[in-house]
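Participant: Which chain is which? The protein sequence lines are U and E, in order.
For my numbering, add 30 to where a residue sits in the first sequence, where the first one is 1.
For my numbering, add 1063 to where a residue sits in the second sequence, where the first one is 1.
Don't read these hints as lab results, they were simulated from the structure.
Just to be clear, a hint being listed does not mean it is correct.
With a straight-line cut-off of 20 Å between C-alpha atoms, the simulated DMTMM-like cross-links for lysine to aspartate or glutamate are [what the hints assert, rightly or not]:
#	chain 1	residue 1	chain 2	residue 2
1	U	LYS86	E	GLU1164
2	E	LYS1101	U	GLU88
3	E	LYS1101	E	GLU1115
4	U	LYS134	E	GLU1066
5	E	LYS1085	E	GLU1066
6	E	LYS1103	U	GLU88
7	E	LYS1085	U	GLU72
8	E	LYS1085	E	ASP1148
9	E	LYS1082	E	GLU1147
10	E	LYS1104	U	ASP54
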Amino acid sequence: DQQVKQNSPSLSVQEGRISILNCDYTNSMFDYFLWYKKYPAEGPTFLISISSIKDKNEDGRFTVFLNKSAKHLSLHIVPSQPGDSAVYFCAMKSSGNTPLVFGKGTRLSVIA
Amino acid sequence: DTEVTQTPKHLVMGMTNKKSLKCEQHMGHRAMYWYKQKAKKPPELMFVYSYEKLSINESVPSRFSPECPNSSLLNLHLHALQPEDSALYLCASSWPGTHNEQFFGPGTRLTVL
Chain U
31 DQQVKQNSPS
41 LSVQEGRISI
51 LNCDYTNSMF
61 DYFLWYKKYP
71 AEGPTFLISI
81 SSIKDKNEDG
91 RFTVFLNKSA
101 KHLSLHIVPS
111 QPGDSAVYFC
121 AMKSSGNTPL
131 VFGKGTRLSV
141 IA
Chain E
1064 DTEVTQTPKH
1074 LVMGMTNKKS
1084 LKCEQHMGHR
1094 AMYWYKQKAK
1104 KPPELMFVYS
1114 YEKLSINESV
1124 PSRFSPECPN
1134 SSLLNLHLHA
1144 LQPEDSALYL
1154 CASSWPGTHN
1164 EQFFGPGTRL
1174 TVL
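Please build the complete structure, drawing on both the sequences and the hints.
Facilitator: Structural data, given as structure tokens:
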């Protein structure tokens, strides 16, 4: 059973507009949440994270939102740029030295 | 230095070969990870080392044998692999504990013939 779901396999956005990537989870023990960006044939690159004590974390053009009651995580990118085109994975873990659980990824295409 | 390096970048091997993948980090991280990623799928955890000790083995077949010679190095020894083991093998490192992001290497693209 998938604990972490990214229901949109792909998303197309115009340059300059907002990209919103979504992730839903079922395990209420998760308390640390991350977004990674991945280009083909490269390893995932860490983007931004949030712990369960917060509901928002911002870093430049990237903002992550956490709705614990809905078990929903989202990543906003604004303004979107063509270089943001990549696969975005959400990942999360529970406390301690526990493994990250990844979603299946959403392919974002930013069109100039 | 915020890099995780992996060698080789590409590897082609036969089913009877023995080869090793190498991973190195100099960030002082004390947790290191091996993941396997197939096309259009998320990374799947294989092994976790914490303070040079194997702490998680996700029921990986014995034809994959991890080794952590010191806190900076992680190896994955491969023997008698199957074609379905062809994938991108990713190494990552982090501080142990909850709120620590994992940094990934670029991966080794493995093809088993």
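Participant: Hint compliance check: list the failing hint numbers for this structure, sorted ascending.
Facilitator: 2, 3, 4 and 6
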